[in-house]
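Residues per chain, in single letters:
Number of protein chains: 4
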Amino acid sequence: MSTVHVVGAAGFSGAQLAALVDAHPHFDLGQVTARADAGRRIVDVAPEYRVNAVLQELDLDAVAEGDFAAVCYPHAEAAVAVGQLVDRGVRVVDVSADHRLRDAALYPQWYGFDHPRPALLAEAVYGLPEIARGDIAGARVVANPGCYPTASLLALLPMRGRLADVVIDAKSGVSGAGKTPTPDVHYSSVADSVRAYKVLQHRHTPEIAQEIGTDVLFTPHLVPVDRGLLASCYARIEGDVPHPDDLRQAYADFYSDAPFVEVVEQPPGMRAVQHTNYAQVCPMVDQATGRLIAFGVIDNLMKGAAGQAVQNLNLMAGRPEDEGLR
Amino acid sequence: MSTVHVVGAAGFSGAQLAALVDAHPHFDLGQVTARADAGRRIVDVAPEYRVNAVLQELDLDAVAEGDFAAVCYPHAEAAVAVGQLVDRGVRVVDVSADHRLRDAALYPQWYGFDHPRPALLAEAVYGLPEIARGDIAGARVVANPGCYPTASLLALLPMRGRLADVVIDAKSGVSGAGKTPTPDVHYSSVADSVRAYKVLQHRHTPEIAQEIGTDVLFTPHLVPVDRGLLASCYARIEGDVPHPDDLRQAYADFYSDAPFVEVVEQPPGMRAVQHTNYAQVCPMVDQATGRLIAFGVIDNLMKGAAGQAVQNLNLMAGRPEDEGLR
Amino acid sequence: MSTVHVVGAAGFSGAQLAALVDAHPHFDLGQVTARADAGRRIVDVAPEYRVNAVLQELDLDAVAEGDFAAVCYPHAEAAVAVGQLVDRGVRVVDVSADHRLRDAALYPQWYGFDHPRPALLAEAVYGLPEIARGDIAGARVVANPGCYPTASLLALLPMRGRLADVVIDAKSGVSGAGKTPTPDVHYSSVADSVRAYKVLQHRHTPEIAQEIGTDVLFTPHLVPVDRGLLASCYARIEGDVPHPDDLRQAYADFYSDAPFVEVVEQPPGMRAVQHTNYAQVCPMVDQATGRLIAFGVIDNLMKGAAGQAVQNLNLMAGRPEDEGLR
Amino acid sequence: MSTVHVVGAAGFSGAQLAALVDAHPHFDLGQVTARADAGRRIVDVAPEYRVNAVLQELDLDAVAEGDFAAVCYPHAEAAVAVGQLVDRGVRVVDVSADHRLRDAALYPQWYGFDHPRPALLAEAVYGLPEIARGDIAGARVVANPGCYPTASLLALLPMRGRLADVVIDAKSGVSGAGKTPTPDVHYSSVADSVRAYKVLQHRHTPEIAQEIGTDVLFTPHLVPVDRGLLASCYARIEGDVPHPDDLRQAYADFYSDAPFVEVVEQPPGMRAVQHTNYAQVCPMVDQATGRLIAFGVIDNLMKGAAGQAVQNLNLMAGRPEDEGLR
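Those sequence lines, one after another, are chains A, B, C and D.
Residue numbers for the first sequence follow my numbering, beginning at 1 and rising by one.
Residue numbers for the second sequence follow my numbering, beginning at 1001 and rising by one.
Residue numbers for the third sequence follow my numbering, beginning at 2001 and rising by one.
Residue numbers for the fourth sequence follow my numbering, beginning at 3001 and rising by one.
A hint or two may mislead.
Computed list of lysine-lysine pairs in DSS-like fashion (alpha-carbon distance at most 27 Å, straight line) [said to hold, decoys possible]: (1) B/K1198 / A/K179; (2) B/K1179 / A/K179; (3) A/K198 / A/K179; (4) C/K2179 / D/K3198; (5) D/K3179 / C/K2179; (6) B/K1198 / B/K1179; (7) B/K1179 / A/K198; (8) D/K3179 / C/K2198; (9) D/K3179 / D/K3198; (10) C/K2179 / C/K2198.
Which stretches of chain C does chain B cover? Using the computed rule of at least three CB atoms under 8 Å from a CB of chain B, they are [claimed, not checked]: (11) 2156-2170; (12) 2184-2196; (13) 2212-2222; (14) 2225-2232.
Calculated directly from the structure, the hints in this document are not laboratory data.
Heads up, the beta-carbon is just placed ideally off N, CA and C, and yes, glycines get one too.
Looking at chain A on its own, in the form it has when it is part of the complex:
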């Protein structure tokens, strides 16, 4: 058994993550931390998970070498905590954005802070298990991908290196915006409506571009759904345009070892993956114009955050990739 601390366990992702760890056959739930909610139980802030562990302030003296941690703090704060934990011999999945961008210069530009531990950043592994199983297994710090990048990359990666003019139109459920009540997540603002936001400015843009290896035009939309994220991706295919069957086969081959990626024939909806760690991807091709249309759909709190973090913890701990996630 290994101990997993969940640092920042009162938010949507953190509570889901604590619940997954709590139910995991190989992991013991260590500290579950929060600041404003310290002293409350997780079941008090997220009743649906039935986790009775009490939230507390992070106690660095009580973590042990060889422990694992998942950090769900806001960006900039996460980088500090990750560094402190690694210094004590804890291996960390950073669920925040603080170790995703390899180029440290992008942090002041996109996130408004200078990275406090550039060496750790350089060492961190981008934790999309479908393309980095081996590196994740041995990493001290794994950067858990963002929800939009996860859905987008899974839809596009089998064609990486052959795509240009990439347009990603993504639709996210509201839980992706976090738990803080703001006018934008008021029921009366979200219900019965769809709108784009942060056009040309969303912080997941450089992350997607980094991993797909080309510029992307990424436009997120908020939809009246609690959990779920659909990335509709459009790109020009360079070189020969594959037959639709060959394209689907190429995707199936690419994900043949991926327990959580399902290549499907019809455009997938959020319903088929909600409350699971599965992603469904559906590649299609317009042979007349040589365009790829590829859909990727996930539960933003599972494969887009907490579930993927457990998938990474499994790999780091030498456990089956899907343990505790079925």
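Chain A is fixed; fit chains B, C and D onto it per the hints.
Then chains B, C and D, alone, in the frame of chain A:
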């Protein structure tokens, strides 16, 4: 033409009210006031109404005798503003709760403040036009009924004096909770769920009891709907139990002069009244047990707040009751 | 290991049930039957469950003595299938209504057919595990309770024998109406609205009355939710009115052995039980009037149908009551 | 006063259209026709509009020269009815797709039927008032644009002739799918989910391409909303890339005479246009890559169908373009 000031026009009810006044053939929109949002236009805080008037702090020196005002302030603050306006010769519809309860002693008990103007309270008319047209027409202060009382009373009033053991199970859309973002109105809290709240403690309870003339067991529920309010009412009928047809006829007779109350044969849904000032009521009877089952449904921002306020303003100004409300 | 056949596995309840059986550590999924969808896999009609078993017509020659079956056919048809299965030595959970009412005369009255096997009906056990564990364990036919009765009874049973004037105002998600597309379940009919239906006529009425032992005024409502059912129950308490703390303690004692019933202090929402077999109940009391207000909330497809069926199958097979249901 | 017949008034668009005509100060509602629902009143099939006119079979002998008609039949059937009406001197807005495509050969390809009246097709005017006011005014047959084309074209037309690689990712509310209950519009299928459909195959594709003058990659999505349609459009700008302010000014100039098009600065949501005939468009530009991002949002039943039909009828009848539509 008469001038109508909307005091507190940045919230859900106030903005809807300003829009109705702005489009009204007989009313001119006077001051539209707000505190936090002063300086913004109504269209900036409520784009769907396309009202360009600029929100400002209330300027008591700029109101004139003979003007009308509708006050949408929070309780306790409303009572002060209403008094100031009446002192200047303005006739007021108080959309807040501050003039609804005839017994001043109920204010400290239910609302936590002592009423500052008990004489005005004693003078105020409870503004449900269906039962008080005449008094409203001559009133200086009209207390606009609450949303829950409006739906409940319209469902029950034709049987007033003959009911006992009244149980009201009400379901309200989220806009009834107001515009302030709180955890309870977060989309991820409201969507896909229904729950009761303020059981035995909701402030509309004494208001309903006052008007129906008997104690009521009132239980409000929050439902995943933006606008709409359904009151399902159950009561024992004292005396002879009417035949269902006679019951419906009695309701039709009771509301024969009411332009906004529709007596319907099937349990009504919110959809038929949304964005309108109509109420639908449907009385049914269990002849075996002598129980009345009566449904009342309204749009909580229209017949439950702003629309009813305009209906009252029409009566006060000697205009047709439905002017500007079709 | 025991074999469990799911008869009628293409609908909402049946597919959920097949998925639970498929993942159950002690049960093997036997035949999964359907008529219109025969030849398709369950994953094709209900992708979210990832069950690849192929739907087929029921083959009575291929069932074995000692097998179990859960029957999810429409009423009247279910009674026939249950009889055929029992005749072959199969022990059955009837998820339909066909074995719930002890008085056979109620079937022509409420369901429009004469029960074909009154002896089996007389033998059947009403399968609410919280009050009938022992009888369920030895039964040949268990009548799985309806969704509305489950939520209502769990909310009221601890006070059985002490209640009068019972009013139940229930709110159900749309999946409870079944999979057949009708105008009433069209998204544009359900969304943004709440309405009562089958007032004084719903078939769950006599079932609730039978188990609670008194007449009830039961009014179901359709709410814009997929899965979830809330019963808000109101009743006069006969005899001494308990203190709220004592009432809650009485409920806690009543359910002390029930692994799936949670007695909670705040009115529960659907969110806390969705996709689980848990019920939450919350008893409150109006000491002034001696009224009980009790809420019961479940997932209508889990504790209200498929989950409860597995709970019953566990008891019948001598397994832990909660096996395969956490 | 002019008489307007609504042919096919029982569906979502037709009932909305009948309601608009019924309330219109210059139009008299003529025949309102339906087949399956003949004999019922519009209020029975669409209670929210409160239109008491009785649906009947189309009676061609009772239309008069100089009348107007709006035809809301399914495609192929509409073309026949339009022809019959025009032959009797009735001027028609065809709300179906049957007169939108100038190339008659596209009908067998995209709609599966040969156009029965190619001469009328050749004569018909594509009825997007923002670009064809003059032609509409004199037309015998106006082809009311589809909902997706309306939103997409309004977002793109100011840049017509300067765009390449056009990608349109559109999100439609469910009412756009029509009133027939199918599995795809079952609440439990639509709620909590978003999915693409008819990828590369949607019939609005050639219509958009025809009007924008270049190929488009059009992908519609179904979202859990009743009324509303958002088209998110992406395209490469040929030639000089405008400054964002200049781009917005160009849009404002283009629509300076359009009473229903609002050029807005923030990505628009459906909420601001629901239940209105307004469209909001928001052009943005990625100056680094020379890409246009333009959003267009409408109510699919108003500006996307019935509202636009009345706008066209106003122009045909020489009335103010916005009469009866505020």
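Self-check item: Hint check, failures only
Solution: none
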